[in-house]
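K.L.:
Sequence:
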Amino acid sequence: MSISDLFDSGFKNRNKGHFASIVRVAMENGHLSEEERHFLDKLAMQLEISSEEYAEILANPMKYPINPPYLHTQRLERLYDLSRMVYADHVLGPKQKEILTRFALALGFTPGNVHYIVDKALSLLVLGVDLDTFLFEMTHMNK
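For the sequence shown, our numbering begins at 3 and goes up steadily by one.
Be aware that one or more of the hints could be misleading.
Taking lysine-lysine and the DSBU-like style, the derived pairs with C-alpha atoms no more than 35 Å apart in a straight line are [stated by the list, open to error]:
#1 K97 / K122
#2 K122 / K44
#3 K99 / K122
#4 K14 / K65
#5 K44 / K99
#6 K44 / K65
#7 K97 / K65
#8 K99 / K65
#9 K14 / K122
#10 K65 / K122
#11 K14 / K97
#12 K14 / K99
#13 K44 / K14
#14 K97 / K44
Source of the hints: derived by calculation from the structure; they are not laboratory data.
Can you make the complete structure from the sequences, with help from the hints?
P.N.:
Spelled out as structure tokens, the structure:
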């Protein structure tokens, strides 16, 4: 096995783990809405998840671990994806906030400020910001 095969395998596994995390959020209420399904379809293409892998992850998303990225920017990008899924039906409640808080902790955000981070992330989504604005606002929220 070459070095590039190892890199590709690790990259692919991280993508599967990230996708499975988002599927867990989407399926928290027991079903997928049409909007959630559409979001998952687009995300699967971006993350290079094959249709077989997609079906396997939908069948058992708990099989894949949450792999927190090392870089803060990548963690924020994943938080953005997860926040979009939580807010996919445009309804926010304590359940959605609790789910996002659990995943934010799993991504490596600290318990001391995770509630502030989740509140900020969800408020930005309510405003309909794009990824670049989200990253800027989240990076500069304490300044």
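K.L.:
For every hint, state whether the structure bears it out.
P.N.:
Results for each hint:
no., hint, in the structure
1, K97 / K122, "holds, 16 Å"
2, K122 / K44, "holds, 25 Å"
3, K99 / K122, "holds, 11 Å"
4, K14 / K65, "holds, 15 Å"
5, K44 / K99, "holds, 23 Å"
6, K44 / K65, "holds, 22 Å"
7, K97 / K65, "holds, 23 Å"
8, K99 / K65, "holds, 23 Å"
9, K14 / K122, "holds, 30 Å"
10, K65 / K122, "holds, 30 Å"
11, K14 / K97, "holds, 30 Å"
12, K14 / K99, "holds, 28 Å"
13, K44 / K14, "holds, 17 Å"
14, K97 / K44, "holds, 25 Å"
Taken one by one, the earlier hints all hold for this structure without exception.
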